[in-house]
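Got chain A sorted already, so can you dock chain B onto it with the hints?
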Amino acid sequence: MAQGTRKDRRFRQADREALLALFAYALYFIWWYVFAYGLGSGNPDDYSYVLGMPAWFFYSCIVGYPLITLTLWAIVRLFFKDMPLGEIDDDPGSPHGGASPSKAPDAKVVCPSSSVTDAMAASHDTCRPAPLAGFACGGSASAGAGEGPTLSVEPGDGTKGGRA
Amino acid sequence: MSAQFMTTVPVVLYLALSFGVALWARGRTAEGGSAKDIIEEYYIGGRSMGGFVLAMTIIASYTSAGSFVGGPGVAYRLGLSWVLLAMIQVPTTFLTLGVLGKRFAIVARRAGAVTLTDYLLARYRSHTVVILCSAALLVFFMAAMLAQFIGGARLFQTVTGYPYVVGLALFGVTVVLYTAVGGFRAVVVTDAVQGIVMVVAVVVVLLAVIDAGGGMTQCIATLKAIDPGLITPTGPGDAVPQPFMLSFWVLVGLGVLGLPQTTQRCMGYRDSRAMHDAMIIGTLLIGFMILCAHLAGTLGRAVLPDLPAGDLAMPSLIVQLLSPFWAGVFIAGPLAAIMSTVDSMLLLASAAIVKDLYVRYRLGGDTSRLRPVTMKRMSVASTAVIGVLVFVAAMEPPDLLVWINLFAFGGLEAVFLWPLVLGLYWRRGNATGAIASILSGVTAFVWLTIAKPDMGGIHAIVPTTLLSLVMFVAGSLAGRPSGREVDALFGGERS
Chain A
1 MAQGTRKDRR FRQADREALL ALFAYALYFI WWYVFAYGLG SGNPDDYSYV
51 LGMPAWFFYS CIVGYPLITL TLWAIVRLFF KDMPLGEIDD DPGSPHGGAS
101 PSKAPDAKVV CPSSSVTDAM AASHDTCRPA PLAGFACGGS ASAGAGEGPT
151 LSVEPGDGTK GGRA
Chain B
1001 MSAQFMTTVP VVLYLALSFG VALWARGRTA EGGSAKDIIE EYYIGGRSMG
1051 GFVLAMTIIA SYTSAGSFVG GPGVAYRLGL SWVLLAMIQV PTTFLTLGVL
1101 GKRFAIVARR AGAVTLTDYL LARYRSHTVV ILCSAALLVF FMAAMLAQFI
1151 GGARLFQTVT GYPYVVGLAL FGVTVVLYTA VGGFRAVVVT DAVQGIVMVV
1201 AVVVVLLAVI DAGGGMTQCI ATLKAIDPGL ITPTGPGDAV PQPFMLSFWV
1251 LVGLGVLGLP QTTQRCMGYR DSRAMHDAMI IGTLLIGFMI LCAHLAGTLG
1301 RAVLPDLPAG DLAMPSLIVQ LLSPFWAGVF IAGPLAAIMS TVDSMLLLAS
1351 AAIVKDLYVR YRLGGDTSRL RPVTMKRMSV ASTAVIGVLV FVAAMEPPDL
1401 LVWINLFAFG GLEAVFLWPL VLGLYWRRGN ATGAIASILS GVTAFVWLTI
1451 AKPDMGGIHA IVPTTLLSLV MFVAGSLAGR PSGREVDALF GGERS
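Protein chains in written order, with my numbering: chain A, 1 to 164; chain B, 1001 to 1495.
Hints listed in this document are in silico derivations from the structure and should not be mistaken for laboratory results.
To give a feel for the contact side, a few chain A residues facing chain B, derived at Cβ under 10 Å:
1) Tyr-25
2) Tyr-37
3) Leu-39
4) Tyr-47
5) Leu-51
6) Trp-56
7) Cys-61
8) Pro-66
9) Ile-75
10) Arg-77
11) Lys-81
12) Met-83
13) Pro-84
14) Leu-85
Since we're looking at a predicted model, the values are computed, not measured. All C-beta atoms in this analysis are idealised placements derived from N, C-alpha and C, irrespective of residue type, glycine included.
The shape of chain B in the complex, shown without the other chains:
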């Protein structure tokens, strides 16, 4: 049997497993109910996630192709400094769950919010906010999903040697199918499986790398001989200056509170115990995964010192160090990371269209005008259509979307961070502030990313976040207070 075939076996098995799990999850779906129940079930699984699944889905929707290929690739070039940088992501789970916290969970239930947009509408009562957020979400998600698809297919191509389109079709079809058919429940259950696969994958490759490099001490010594900068916190030739490094505490630290695919999870857990458990499990696992993956990339330099590009580091290490079968198991890791990011984005994009735009504006928010079956079909169809669109786009990636992807992560944060967090904790916040914050944030982020003014190594997200904060406060103070109903809904304070 050829090595190529052996590598593909675990991948195909794994894809089949994902699909099987999704079908199983779908079988557990509560049947019947009104169109509104269908929405709750399809888009947020009836708020029934327990601690482990919650932790896994937050990790899985957050970690993407970048965490397995891109990140370790940079770590290959920049050494331990990039591992240090990656470790900034450790608090992701406990920060999102902890800061949005029970207040968010309680308010989301009161308002019947299923998506972030629901929540923002309940808070700001402004159609402008809804439309801005839905548009931003659709555009950035499409671009981000496309990038994920491309990354996954390229990786598959590098490792197995099969054409790009084969890989794309294999996991593209799987992810679109199970997401469309199974909805949120299928997404989070497969996320949990995918999380486990990711953990196994990174351990396998890290151990293989350390072994091939002759042990940890030897690996580090080799790195130091190549370039002493590889083992400093600032990287070779000070490539990672401190201001740049600290910016990431905003971009992948606090800013994660603004990523809809992650924060939406915070309104879907079953009870407070699930949240407590998830904070701990999530932190433990995400730290482990990130540390192993990036350290493998860094130490890989000691094993294969002369690769032309960092992005080749992970695929090359896998192909050279692991037997074909284990290489396939590892490939399943990044594919899992990709699929688990794409599935949640797919579902939220679908929710944005069906729930946030169609139901609200065509039906005036009245779901009872739709038969439950129609509602269900529409949700499934819109998920499938978006997925197919992205899939087709990934065959011949349009430059525009690839370009937009540069702004996706920071752009989403610029849009959602302050309206979400301050909406929760600051009573005076209102629609004027939210709109000002969204518009100024996106504009600033895009402009700073393109124009690249000299900011002493600080990442564009830092001034963006500050500006959108100032605009939120200024706009809120200038505008009218939100009124009693909002206070009542978000209440808990004295009036």
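Chain A on its own, in the form it takes in the complex:
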């Protein structure tokens, strides 16, 4: 099976979202910087005022922060996607953890039962294709199950599924 080309599509979306967060951070920085030093660098005697505050302060701080909150709201609404956070597996009973991509109609983001341990898939049947939200995926239960084997430090723990 072509495991080498398998890709958890949730990750691609997650990376895009992380970049968007950085983008919002950059926007906030630019707004903050341009207004603070653009309007505030002159002589205080020449300042103009808005609502009693120096204009540089009003725009960079008082306006800047609600503005970034709104921008963020728009970004999250438009570009962020709900996705399950636990493991998804369309054949939870299988000890081999069904490596084919999930065909669940509800799952917005398809992820192959990935590389976590077979043992985990076998011991826990909580992982079903979740309808959008990750809660149904039994976050805590499935996460806990992986702890023993996946956290072991021995380099050659060959029982792991995935790419072995």
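For chain B alone, coordinates are given in the frame of chain A:
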């Protein structure tokens, strides 16, 4: 009834409320389960946080005594420039949640990680990394918690006039007790309550200050008359030069990604919707809180122009402007900020000892060798013991810990930032890189802070962050790749 008594009433009520909430949260804890379930429950609340609680706990664990007393105190001396600087913290919540993001949440679940150390072990498979991180976390957290305790007790003393030890005992005992007994669930629920108290507190004091100063226009005019520098972005006598200001985009901006008490929250939310909501709510509230608190400090100069020290600004404003009862309500704000920082640190320090060190090295990582009851008792006991240690230390603060606290914030960032972020996004990163990054980062930060070489106003955290980045990359390229299992666990990429 004396004013002193009236001020104490809301504080005591508030402490009782925190404790009640913690007990309530504890009642909702899932019972039974294996020792492993107990750990998941006690240290991360079974990953069940919704959006509002998640936002509040990130804010609360991040904002501390500094945000309410220290920061506004500096703003009192340096004017609007320090408010401008404080506003750099606005993106904290969305940056941590957004950048670590769902990748972190997914990977943490796959690896069953409850603490940052779990995550780092799963990523780097190196005991050296675990031990370095646990040690750094314990040392820096102890120092930081101590500083918080001292700050809180002093504040209580200034405002109520009761002795230092009384204040310390009051909230020290409360926070240690509810954290030890209730674990993560109690911590985050009280964090949410504490967040609300903080918001109310800052609004009350800001409005009181603006009112006492004769309105915003008048306040600003008074500040300008005292020193025109107070209303410029660079401060009086250019006390806040631009390079210094911009350094804070690293220290309290990007660097926040390296604070374990904040980032640990990013593995504990319930679902992706909780994360989306928290990014927005968190940004809205933290911005509001920081803006109000610091602006109150700045404008306070127009009301009480002649205080001998900035740190007195907030307590003095409260005592002079608010009625005793409202003064008590305000005091609850910083106390909330302090307790909510201490509780998360306490819990993580306990996790470092019980989970990261004891279970892993004494039991070989096999929690099934412990009975669930024993596991539970051990977790509670270790939290309580650490708390009591800090409490005792705060009565007679040892110089060493006070000194270490200078490095706590930047030190934690130096240790955790790159191993955490690059571990998540750069496949080639490995243990060699992480160790090189941690060691060089801490050394550089401590040395730069002590030796204070002239860097044109740039804060020590900037070169530290760059150096530890370079060392991480260099070390990773020199060392061996992490191997297939790590790729599989952190995967999602083509191999």
